[in-house]
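Protein sequences appear in the order of chains Z and A.
In terms of the UniProt record's numbering, the first sequence is residues 1 to 243.
In terms of the UniProt record's numbering, the second sequence is residues 1 to 243.
Hints in this document: simulated from the structure, not taken from any laboratory.
These numbers come from a predicted model, not from an experiment.
Among the clues, some could well be false.
No distinction is drawn between identical chains; accordingly, a pair holds when it is met within one copy or between any pair of copies.
[Said to hold, decoys possible] Straight line, CA to CA, 30 Å or less: simulated DSS-like cross-link-like pairs of lysine-lysine:
hint : residue 1 : residue 2
1    : Lys211    : Lys32
2    : Lys182    : Lys22
3    : Lys160    : Lys187
4    : Lys81     : Lys240
5    : Lys240    : Lys92
6    : Lys9      : Lys96
7    : Lys9      : Lys182
2 protein chains.
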Amino acid sequence: MSISKNQLKLITSLSQKKYRQKHNLFIAEGVKVVNELLNSSFEVATIFCVDDFEINLPVEKIVRILDTDLKKISNLKTPNKVLGIFKIPEEKQLNKSGFTIALDTVNDPGNLGTIIRLCDWFGVTQLVCSKDTVDCYNAKVVQASMGSLTRIAIHYLDLKNYLSETNLPTFIADMDGENVYKTTLPKEGILVMGNEANGVSENVRNVVKHKISIPRFGETKETESLNVATATAILLSEFKRSI
Amino acid sequence: MSISKNQLKLITSLSQKKYRQKHNLFIAEGVKVVNELLNSSFEVATIFCVDDFEINLPVEKIVRILDTDLKKISNLKTPNKVLGIFKIPEEKQLNKSGFTIALDTVNDPGNLGTIIRLCDWFGVTQLVCSKDTVDCYNAKVVQASMGSLTRIAIHYLDLKNYLSETNLPTFIADMDGENVYKTTLPKEGILVMGNEANGVSENVRNVVKHKISIPRFGETKETESLNVATATAILLSEFKRSI
């Protein structure tokens with residue numbers, strides 16, 4: 001079989017957020033990620049795969065294609081046997097207790113994917129994002145999250161409102177904050193991480209109660225601040241190690 | 001002025017490790033990174049920049065170029081005013097005491113760059129890499145390290161020999177290792193981090209004494225292991241917080 005013109009048009013369109021939202025569909029690639037999605041609660045629309053990809057699905061959902069066709073539709077440098085179109089699941093209900101990570105305008109898909117993996121590792125089941133944070137169904141986020149996407153409830157909302165209304169303790173990483181290694185951290189709360197270049201925006205910063213910092217051990221003041229994903233890793237580890 | 005054919009050929013060739021080693025030169029781009037290198041002990045060869053880039057260097061080292069020329073020679077999506085050619089400094093003498101990070105076959109330039117920044121932040125002044133780890137003068141490593149490259153002594157060597165000969169305690173991250181949160185960590189030592197897909201290779205693993213692990217808090221066993229840069233962030237934070 002081969003890919004129809006309409007299918008090709010659909011796949012191409014799904015690289016844009018507005019078409020993902022219009023069709024309620026997104027793309028995942030590669031054996032590992034596609035299999036994780038197939039084994040999750042996510043619903044599959046269509047799977048495009050080469051002959052030696054083993055799959056157990058109703059035949060009408062499978063399109064067997066040639067390597068050369070896969071190369072045409074793939075976003076990967078080295079396409080790996082399969083590209084799947086999946087349905088974007090409905091947003092779960094917002095959980096108002098527990099521990100939540102909140103992201104303010106994180107732009108880099110690799111950073112969001114890494115943070116989703118970190119949440120999964122550390123048992124954080126809810127991630128809240130400002131509306132202008134990169135879309136979690138962006139193909140690069142889906143690849144970087146390595147299947148963790150299926151286990152984390154992700155919400156896009158007005159971050160300032162969300163933080164104003166919560167009863168949980170709220171934290172941001174801030175150079176002038178209290179040394180995180182010397183702070184007693186609660187089991188429940190919201191940790192807000194900011195944009196790659198500008199940190200947490202002022203109107204969000206104003207509604208967050210606690211400022212914490214990762215102390216700099218290096219002697220030079222010129223050291224660039226930590227990358228948002230590595231800072232999230234360190235802070236999440238601090239919250240969880242103390243439980 | 002414009003770029004000569006020979007200059008263009010040199011710049012293009014420096015994207016390959018063998019030519020960087022042959023000429024002992026590497027490339028850095030963008031206002032921030034180039035300025036950090038200019039203000040360091042690194043020696044500049046030539047700076048190609050647009051008219052409004054302010055620079056204080058002997059005139060023979062500066063080539064003023066047009067935006068369109070910068071686009072031609074740049075590796076960045078959005079070229080930023082300047083591309084510099086710098087001399088690769090001589091390797092410093094290996095420090096046999098203190099705290100060192102050692103990398104076994106880390107392939108991804110972004111991961112190496114992030115780890116160099118982490119070393120700088122946490123005051124680790126020496127990084128040791130297996131000979132097949134990605135070259136630290138690779139353009140993407142230079143960009144991701146954000147100037148921290150100038151403050152860390154990086155050595156490429158036979159990792160197995162290095163670890164066999166040291167008197168310092170040696171550590172690797174291993175799923176079966178001791179919970180890092182419950183381990184007393186020394187002030188001096190060597191922490192070995194492994195390849196993105198395969199972890200630490202067996203012949204290196206065999207000469208490392210202590211195994212430590214970052215416990216998984218999430219319930220699902222399917223969670224992909226942590227990315228090497230985020231795992232390094234968490235472990236480095238654990239070594240340093242206890243000092």
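Against the structure, the hints:
1. Lys211 with Lys32: between (39 Å within a copy, 28 Å between copies)
2. Lys182 with Lys22: neither (48 Å within a copy, 49 Å between copies)
3. Lys160 with Lys187: within (22 Å within a copy, 42 Å between copies)
4. Lys81 with Lys240: Intra 38 Å, inter 44 Å, cutoff 30 Å: neither.
5. Lys240 with Lys92: within (24 Å within a copy, 39 Å between copies)
6. Lys9 with Lys96: neither (40 Å within a copy, 59 Å between copies)
7. Lys9 with Lys182: Neither: 55 Å inside a chain and 54 Å across chains, both beyond 30 Å.
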